[in-house]
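> Protein chains in written order, with the working numbering: chain A, 1 to 366; chain B, 367 to 550.
None of these hints come from the bench; they were simulated from the model. Source: prediction; values computed, not measured. The hints are all genuine.
Pulled from the structure, derived: some chain B residues nowhere near chain A, Cβ distances all over 12 Å: (1) L447; (2) P450; (3) G464; (4) G511.
Computed Cβ-Cβ distance ranges for the label pairs, DEER-style: (5) A:D94 to B:T423: 34 to 40 Å; (6) A:V147 to B:G464: 44 to 50 Å; (7) B:Q479 to A:V147: 17 to 23 Å; (8) A:I219 to B:Y414: 51 to 57 Å.
Here are some of the chain B residues that sit facing chain A, going by a computed Cβ distance under 10 Å: (9) N435; (10) H436; (11) W469; (12) G472; (13) Y526; (14) G528.
Glycine is no exception: its CB is placed at the ideal position from the N, C-alpha and C atoms.
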Amino acid sequence: MKRLFPILGLFFLLASCSPYYTEGDYFFVRNNGADMPVWVKGQTDSDTAIIYLHGGPGDGCIHFSLVPQSFIEDNYMVVYWDQRHAGQAQGNPDIGASRMEDYISDTDLVIEAVTLRYNPSKIFLMGNSWGTSVGAAYLVHGDSYQVRQDKITGLISTFGTCDYTLSYENAAPRILTYAEERITQGIETEYWTECVSFYETTPVLLTVSDLRSHTGYVIASGGYTVADSASPPPDLNMVSFILASPVAMFPLIMTNGANDTNEEFIQWLVSDDSLSFELSRLSVPSIIISGRQDLQATWQAGLSLFLGTRDIEVASPGYATSMPTGGWSNGNRIFMILESTAHGSFGTTEDIEIYQNGIISFIESE
Amino acid sequence: MKTTLLMLLIMTICGVSAAAAPLIFEAGYFGETLTHPGGYMAAGIPVYNRAQHLIVTGVYVGSYIHPRNHIGLLGLARGELIRPPRRIYRFSAGLLAGYYHTWPDGTMYGPGQDGTVTIISNTGTPHFGFGFDVGWHIHGLAFSGITPALRLTCLFEYPYNGFALPHFAMGVGISNLPTEESEE
Numbered sequence: 001m002k003r004l005f006p007i008l009g010l011f012f013l014l015a016s017c018s019p020y021y022t023e024g025d026y027f028f029v030r031n032n033g034a035d036m037p038v039w040v041k042g043q044t045d046s047d048t049a050i051i052y053l054h055g056g057p058g059d060g061c062i063h064f065s066l067v068p069q070s071f072i073e074d075n076y077m078v079v080y081w082d083q084r085h086a087g088q089a090q091g092n093p094d095i096g097a098s099r100m101e102d103y104i105s106d107t108d109l110v111i112e113a114v115t116l117r118y119n120p121s122k123i124f125l126m127g128n129s130w131g132t133s134v135g136a137a138y139l140v141h142g143d144s145y146q147v148r149q150d151k152i153t154g155l156i157s158t159f160g161t162c163d164y165t166l167s168y169e170n171a172a173p174r175i176l177t178y179a180e181e182r183i184t185q186g187i188e189t190e191y192w193t194e195c196v197s198f199y200e201t202t203p204v205l206l207t208v209s210d211l212r213s214h215t216g217y218v219i220a221s222g223g224y225t226v227a228d229s230a231s232p233p234p235d236l237n238m239v240s241f242i243l244a245s246p247v248a249m250f251p252l253i254m255t256n257g258a259n260d261t262n263e264e265f266i267q268w269l270v271s272d273d274s275l276s277f278e279l280s281r282l283s284v285p286s287i288i289i290s291g292r293q294d295l296q297a298t299w300q301a302g303l304s305l306f307l308g309t310r311d312i313e314v315a316s317p318g319y320a321t322s323m324p325t326g327g328w329s330n331g332n333r334i335f336m337i338l339e340s341t342a343h344g345s346f347g348t349t350e351d352i353e354i355y356q357n358g359i360i361s362f363i364e365s366e
Numbered sequence: 367m368k369t370t371l372l373m374l375l376i377m378t379i380c381g382v383s384a385a386a387a388p389l390i391f392e393a394g395y396f397g398e399t400l401t402h403p404g405g406y407m408a409a410g411i412p413v414y415n416r417a418q419h420l421i422v423t424g425v426y427v428g429s430y431i432h433p434r435n436h437i438g439l440l441g442l443a444r445g446e447l448i449r450p451p452r453r454i455y456r457f458s459a460g461l462l463a464g465y466y467h468t469w470p471d472g473t474m475y476g477p478g479q480d481g482t483v484t485i486i487s488n489t490g491t492p493h494f495g496f497g498f499d500v501g502w503h504i505h506g507l508a509f510s511g512i513t514p515a516l517r518l519t520c521l522f523e524y525p526y527n528g529f530a531l532p533h534f535a536m537g538v539g540i541s542n543l544p545t546e547e548s549e550e
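Bound-form chain A, shown alone:
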């Protein structure tokens, strides 16, 4: 017991000295049953704000923001926001009933709160994976999309899709090819035979079980993270992260799981492709970055956002199957394809310099 008090004192010291309790600016937004944290970091006096829209749904980004994102935080104000029932978001919204309209409303609330607090002259939406859907939906979905577009300087889409069906249709043949190669080589034959059977009997994703199986095969075939990734491990103090940061571990793990296992929510997520028919409304400057190796959100899905249509074969004959190296620029839109990168979540891309330079150049050009 006598030793306990010095130990407790040490904990207090650790807690009170943690930079995570003082760095940047922290506040919450409340909307339709959800209390969502917003952490503003980087150059909070910059006139350019980048609102980060995380993936998942359910991944959160407050915890990810503990890893320094110096390539954007050195020059701009970066707004990390955990969406409803994700990461550190509190409250008790009904996950099964959440729809894109809720995410649009939440995004607008975050933008208005940031405007009220800082009044930046430029606001960019930067979506990662699912976050691209949220960003694109904010800009094109519903009746008042033009009013929302007027608030935004540009859209940065990284490894995203607005059309799960399109992405699945393009990923399935590539995974099948990989599976057949493994079977031929006699490697994990039973597993890859099940994989072949899955894709032959599942023309579209419908259920939690389907999505879980597909994601498993994407990961196993290197379509999520390229094997032997060149990305360095995150520079993170794990003790401070767990004991003295805004992050609580159980919500981080359990909210993600709650999203992934909610049948009603997942069915909506994988089957509602209505957003892909509204993409032609997108008029704000955009940069769309996709990974050539990505089987979670295939580059064809990125191309669809770039072209503003899901009929990419019609809009770009030939390119739908053999997109040239580098990318494509068209009007105020840029499509960039990273050759060695798969899903690239949280910026862990194998083409890190091209990725970072592409984003910075785009922001500076607007």
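Fit chain B to the known structure of chain A by using the hints.
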């Protein structure tokens, strides 16, 4: 709101204290995930005392802050089994259930009455709280009738995004639990 709830709980404890002696009281540091600081108070009366096994029922109040995450306030009913004294301690195990309120720790923005975004009042979220704890009353280190106590608590906050969210906490405090109980 927070002050009112706290006052109600303190009055409840005082009421229990006046109505039924001897009151077993405990108070101390409440560390949610060890380092999110707070305090707790527990008060109860023995309802069973045989062969130095003691069952105590009462109330448990606590509050803590997880900076930039949330502030928690607990008002729980508690039942505790205290085992006979060992060499320097008495082991106890308890069940808790009651009210658990949380407030996000930060300025809250939301739609105002006219629909525009503004700072709104942070009313927090009510929850059902329940859980269990284990503790050690260390009479080997007692002084002036005061016994140091160590307590490990697992609490669940429900509903939280549709599920019961676990919290782990460590309590370090003092109690007036005597070394030995006279049997009734």
